[in-house]
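Residue numbers (my numbering), protein chains in the order written: chain A, 1 to 388; chain B, 1 to 517.
To be clear, the hints were calculated from the coordinates, so they are not data collected in a lab.
Be a bit skeptical, because a hint or two may be false.
[Stated by the list, open to error] Using 30 Å as the maximum straight-line C-alpha spacing, the simulated DSS-like pairs for lysine-lysine come out as follows: (1) B:K483 to B:K517; (2) A:K82 to B:K489; (3) B:K487 to B:K184; (4) B:K487 to B:K406; (5) B:K483 to B:K414; (6) A:K82 to B:K487; (7) A:K82 to B:K414; (8) B:K184 to B:K489.
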Amino acid sequence: MLRRAKPLFHKLLGSAILMGMLGHQAVADEVERWQVNMTPGVTPVSQEIYGLHMLIFWICVAISVIVFGALAYTIYAHRRSKNREPSTFHEHLGLEIFWTAIPFLILVVMAIPATRSLIHMYDTDTEVDLDVVVTGYQWKWQYEYLGKEVSFFSNLHEDSNAARQLGSGVDVNTIPNYLLEVDRPLVVPVKQKIRFLVTANDVIHAWWVPALGIKRDAIPGFVRESWAYIEEPGIYRGVCAELCGRDHGFMPIVVQAVEQAEFNEWIAQEQAAAAELRELAAQTFTFEDLYERGEGVYNRSCAACHGAQGQGVPGAFPAIAGSAVATGPLEAHLDVVLNGVPGTAMQAFGAQLSPVDIAAVVTFQRNAFGNNMGDQVQPVDVVQQQNQ
Amino acid sequence: MAHGPAKGISRWLFTTNHKDIGTMYMWFSFAMFLLGGAFAMVIRAELFQPGMQLVEPEFFNQMTTMHGLVMVFGAIMPAFVGLANWMIPLMIGAPDMALPRMNNWSFWILPFAFLMLASTFFMEGGAPNFGWTFYAPLSTTYAPPSVTFFIFAVHIMGASSIMGSINIIATVLNMRAPGMTLMKMPLFVWTWLITAFLLVAVMPVLAGAVTMMLMDIHFGTSFFDAAGGGDPVLFQHVFWFFGHPEVYIIILPGFGVVSQVIPAFSRKPLFGYSSMVYATASIAFLSFIVWAHHMFTVGMPLAGELYFMYATMLIAVPTGVKVFNWITTMWRGSMTFETPMLFAIAFVILFTMGGFTGLMLGIAPSDIQYHDSYFVVAHFHYTMVAGAIFSLTAGIYYWLPKWTGKMYNETLGKTQFWIAFIGFNLTFFPQHFVGLAGMQRRVPDYALQFADFNMLSSIGAFMFGMSQLMLLFNVINTILAGKRAEKDKVWDGAEGLEWTVPSPAPYHTFSTPPQVK
Ligand code: HEM
Ligand SMILES: [Cu+2]
Ligand SMILES: [Cu+2]
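Okay, chain A solo, but in the shape it has when bound (with noise of 0.2 Å):
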């Protein structure tokens, strides 16, 4: 799919050939790599946003033709080898006032369909058929459903993510989607007005999908509204906008839309799990089923610091293998895990992870790598602990 990187000479005179072309459509399969303008997207304000950039555009292209056309001919008709005299010449008021009058009405012109699109945008309001709650963290989204119980995080896909550590030794070229994949997308149906409520967790982020018109800044303690109607089925990808710390560039958004029968399936599937899983956390486990579980969730979650053997990062990140807080008392461990430790990369993972996956991931860790407590988690003692 993705074809290797041509000779760079190659590449010096593709872009050459197309900084002249600003705003056509590239050779068909350059396209995807050689992009040189925005997206029009595919809901009725990235189309406006389109249309107005074009506009502006387009009368920019109008106005530099002019004024660099007349400074080009100055430039080779009043040069001293042929103009020897200089005019001496150098006020008109009527002059000065042409040119401070065509302006301001360009400007005129320019600010009426502004004007427009922008109260369409603000409209949050009317109609609003879905609402979706975004969360920024440090360095993923999480998505909300509002009113219909399914809530989840996504983060950076596992192969993008192992690709970007320093030395990785892997090459982002053979990556799909290097940067622009995540776990979990957020889904959405067609054809229906959606409402994002925007905020953060801890510092500002800013969610970004191009072909949704959408920028809203995340900023933690307030909500912030912005909406979406989406007119065709398909992936479309974003990022965070807004510096956030050191994975700033690593918290790609996913945004999957998708027919509404097909949502409504895809909404009763998480709401029957999500379902399973409150039912899971009154259970009790047998101590291998956490057990399995919990390396499962240590995997995914806890691995990228504590590494695949427990060992940490000495200097960085605690081993677990041995550590003091996994071979000390139960609740300064689950406690924790629940509502990590402030001030360092140690998250709470109580708003992340469910019950069952805390307690199996707890009893793992108590257990594996050497640890020997023989003790155990059930979800309801997490529950517990968690309504304290």
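We have chain A; now place chain B with the ligands onto it with these hints.
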């Protein structure tokens, strides 16, 4: 009465001479320019290819932050203050600046500010990593401990700028030679007078912003923390109330330089002098009432969004007037294209392009797509590099013979110009494309579709970096081995009092004021 400079290091430490202080400002800013440039080279080297090759993301963020801070506060601003020190007394026929001792202070606290800022690299947690716009709470609750030193450094820079500005205002208002009425002042003096008022007005606002951060970090307040009843967006309002005037602080003196250079090499008076003065003043006024165009995505109320959009669009009008006046100045002149003129013409072209993208960014609905993408990076480099740096370079080549009494190497100057011009455009033009295609700014790595343009950008950046070393070489070579400038009025088309004194300008000039007719 006519005594020369003191000997040795004390000449520089204790000097109150505007020329010495101007020289120190220029050398200091050039050193900072090289330092900030080195950071930029690290950034472009990491971005040469997709994937992480050289630095950790943490360090990359320190690089972007320090690059921005050093370039804005260490390179561009002190360089223009240096030009002001050297040229304003010469241009208005004054013997020195009005407050020479404060002048010494305002320079000498700067190296300490930047030493402190640079020392943060060696602190635990590293240098500031939250961007040159340092949005809270990334710069407060989540900042490395070195942020406190950053705050003090900003305080000192602000104090230095305020002292420098007061000095410039006092000099221009009180020390003009008899007959030099306000409306006869060279445009460079006008633009600096207006800039100085901007600085005095907004540097305290910046100081307020960083002081509130300090309080939040160390003294338990919650200006920018919602959990304590504060608001992170408040930070952005305060910052940009400083920040937008700041961008004009950076460019207005550049407008001034270009307004001296273009008439000189067109051998024709500046067209529309008074409209240039009024345009500068209205740009300065408008710059106070448009700040939230940097915040179109924070979710302001519709009315606020509309207001800031309209006000921002208005800035294009006086900016356009300036461009039209420059071109009309050249019209039917008798132009030659020495290095200063090449840089001035490039300034007009490239700054105009930065103005166009500025206008696009000012259209709020479209800015939703542009904001915090590489499109913005392209915009502000067209205004700050092709604007401020190119005009500074034009000024340096233009006045160097007056400062040193020697001619720079014209062939080398022109070569430098072309390498800088091509390198600059190769670096920043493709950034419009990747920004529009969806690449966000301040990232150490990117998706594969942006790879080709980023590689071009990096190649251009290395070229541009090299061209600056040529400037350095040319200046040093002029000082050490330049040909003597034959006339006091080095450029036959140049006008103004600075060309009536000998080249090199003696240590003391205009001890008796000249008469201006
Ligand atoms: C026609 C005049 C101009 C207009 C209408 C204009 C407009 C804008 C707008 C709307 C933005 C915000 C874009 C965004 O973040 O989404 C912006 C960013 C910026 N502009 Fe301009 N601009 C103009 C000239 C200048 C000049 C003269 C300078 C400096 C010499 C400048 C420097 C900057 C900088 C540094 C930023 C980015 C700040 C940051 O986020 O780091 N602009 N401009
Ligand atoms: Cu981010
Ligand atoms: Cu601005």
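**Asked** Against which earlier hints does the structure fall short, listed by number upward?
**Response** Hint 1 alone not satisfied by this model.
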